[in-house]
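Start from the sequences, fold in the hints, and give me the full structure.
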Amino acid sequence: MNLMSRIRRIPFWSWVWFLLGALYFLLPLYATLNFSLRMERDVIGFKAYIRAFEDPDFLKTFLYSNMLALLTIIASIILIVPTAYWIRLRLPEARRIVEFITLLPFVVPAIILVFGLIRIYSSPVNIPFTEIRILQPLTTFEVGTDILIIAGYVVLGLPYMYRSVDTGMRTVDVRTLTEAAQSLGASWFTIIVRIILPNIRAALLSGALLTFAIVVGEVTLASFLGVPAFGPYLFLLGQHRAYEPAALSFASFLLTWLAMGLLQLVSGEQGQAAGAH
Amino acid sequence: MSYLTLSKITKQFGDTVVVDDFTLEIAKGEFVSFLGPSGCGKTTTLRMVAGFEIPTSGKIILDGADITDKAPNQRNVGMIFQSYALFPNMTVAQNIGFGLNVRKEAKETIKQRVDEMIALINLEKHANKYPYQLSGGQQQRVSLARALAIHPQVLLLDEPLSALDAKIRVSLRSEIRAIQKKLGITAIFVTHDQEEALSISDRIVVMNAGLMEQVGTPFEIYNFPQTQFVANFVGSLNTAKAEVSDPATGLLNVDGIQFITATDIKSRKKGDAIRVSIRPERFSFADNQKKDNVLDCTVENITFLGSVVRIQVKIGEAKFNMDTFNNPFLELPKIGSKEQVTCSKEAVLVLDE
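Sequence lines, in order, name chains A and B. Be aware that the first sequence starts at 1, since it is given in the numbering used here, and climbs by one per residue. Be aware that the second sequence starts at 1001, since it is given in the numbering used here, and climbs by one per residue.
Among these hints, one or two may not hold up.
[Claimed, not checked] Simulated restraints, written as ranges between beta carbons of each label pair:
hint, chain 1, residue 1, chain 2, residue 2, range
1, B, 1128, A, 147, 41 to 47 Å
2, A, 201, B, 1195, 38 to 44 Å
3, B, 1125, A, 56, 33 to 39 Å
Everything labelled a hint here was simulated from the structure, so no lab data went into it. We put the CB at the ideal spot given by N, CA and C, even for glycine.
Written as C-alpha cells, this is what we have:
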C-alpha cells in the first residue's frame, strides 16, 4: 500500500483533530519565531539571535550548566547502575521501595529540596552517624556549592535515569551474563564495566539526554543556591529583554528536537539489533 | 582416584531441602550426567560445583583442594548455560578470549588460544560476527569454546541442548562428547532428557526430590534399575499390580495370571501386594524358544512408531505394551486376535517403591 492511499484511508474527523492538535502546538512556536526575527523595525532578521549569542554571560552560564549536566550524569551513572544491577541480581524484593524513592522528585517540589539542602549545609555539619565535622559549610565556597547542586540534580534526574537503566537491564539477561562472566574469572568491577554498561548503552544514553535537558534549563535549585547557571540567566533575560529570550527559546527548541532525534536514532538501532536477536 | 568429590552435600533454601546428603566421586576425564525431572536438585548441585550456591553442609573437593566456599571467579570451572549467555556486545573471538583477557594473559597467547578454540568448534568463518548473527547451535558451540579456553578443571553443562531443535540437539551432543573425550576434560552434564543422558555419559546419576536414586553406567541404569522411579524415568516401562505367590521360587500372580521373576523376593511373604515392571522390548511373540513366562493374550492395539512397532496386549485383565523392531516383512497380528507372548524371568522386575 502506498503512502497516498494510506493517508486517504484515515477518516475525516481524525484529520480535524490531528490538525487542531498540531495548530495548538505549532502556533505559539511560529509566533515565537516570528517575534524573534523582528527586533529591528520593518526588517526580518537574526539581530536578536546575534545579540543573544554575543552576550559573554550567555556562553559562560551555558558552559557552566553543561559542565553541571555532565557531572550530574556521571554521578547518577555511578550511583544508579550498580544499584539497579544489585536489585536485579540479589534484591528483587527491594525494587518497589527503590522505585518509590526514585519517584519522589515528582511529588516533592524542587523548592523544598533546595531549602532542605540550604538549611542542612549552610552551617557546619556532622557527617551523618559520625563525629566527623565538615569544617566549612558547603554553601560558603564554590566547589561546595557545586557539589550540593550536582547532588540535587542527581535527585531531580533520578526518576528518568533509574527507569532508563532498569528498562535497559530488563532487555539483557543480567543474571546469566553475570554468572557466565564470574565463571570465566571476572570480578564485579569487570562485570559492570565490560559486560553490563556496554549492553545498556542505549538506555544510558536516553537517561543521560533526559538528565541533560533537565539540568540545563533548571531554575529553582540554581537561583536559590546562587550559582551562575543557564536557567537563572534565561529567567533574568526574560524579565529585562523582549526579543532575545524569544530567540533563545526557539533555539533551545531546535536543540531539544535534535536531542530527541538522536535518541530515536540510537534506540532505533538498538531495537534492530534486538529484533535480529 | 577421585578427582572431584562431593561429600555429604546438603542444600536448603529456607525450610526446603533441595539437595539431601549427596555424595559422589568423579574420576578425572569422566563424563557424568545428572538426570531427573525439574526440581529434583540436579541444577542446584551443579551450581554448587560452580560456586553460584554454597552448600548448607558438606564439602566439595577438586583435585585435592577444598573449594566449598570459594567464589565462582576464584574457581577454575567452565560453565555452559541453556540460554548460551554469550556477551551480546562482543564478537565470537572476543567472547572466547574474555576469560583469558580477565586473567591478563599476553595478547599473543590469547590470540593463539582463541584461534585454537575456534578451529575446535569449526567456526573459523564466524570469528568476527556477533552472537545475534549466529544460529542457536553455533552460539552454544561458541559458549563451549569460551568455557574451554580458560583450561578449566571441570566443565559444567546446565541443560545446554534444551533450547535447540531436535536435529541440532543430537549432532551437538555427539560433538560435545567428542570434544570432551579429545581433551580428556572432566564434565558434569545436567539434563532431564533420558535419551541424552544415556547416549552421552560414562555414568549417570538419577535424582529425584533432592535424593540420589541410582548411580551407574547407562547400561546399568537402563537394564538394572534399582528403584521404581529410575525404571519409570529412564526408558518406557509396563507396570502392573501383583501379588506374591511363592517367595522362594519367585512366583507372582498378576490378576490371576502366573508370572515368574528372577528378582530376589525372598524377603516378602506370600500374599504381599507388589508391582511388577517389564520393559516393552523384553516381550516377544511365543515361538519355539523356551522362555520362563509364556502368556496368553489378546491384541488390543497396534501403534507404528517408525523403527519400532508398539503392540498393546491384554494379559488377563492387565494391559502391557510390547515393542518389536520394524521391518518390511513383519507380519503383524490382527487386532482382537488371541496370541501368546513370552518374556524371560530376568525381564520381570520387582522394584522398591
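Here's how the hints hold up against the structure:
{"no.": "1", "hint": "B:1128 with A:147: 41 to 47 Å", "verdict": "holds (45 Å)"}
{"no.": "2", "hint": "A:201 with B:1195: 38 to 44 Å", "verdict": "holds (42 Å)"}
{"no.": "3", "hint": "B:1125 with A:56: 33 to 39 Å", "verdict": "violated (60 Å)"}
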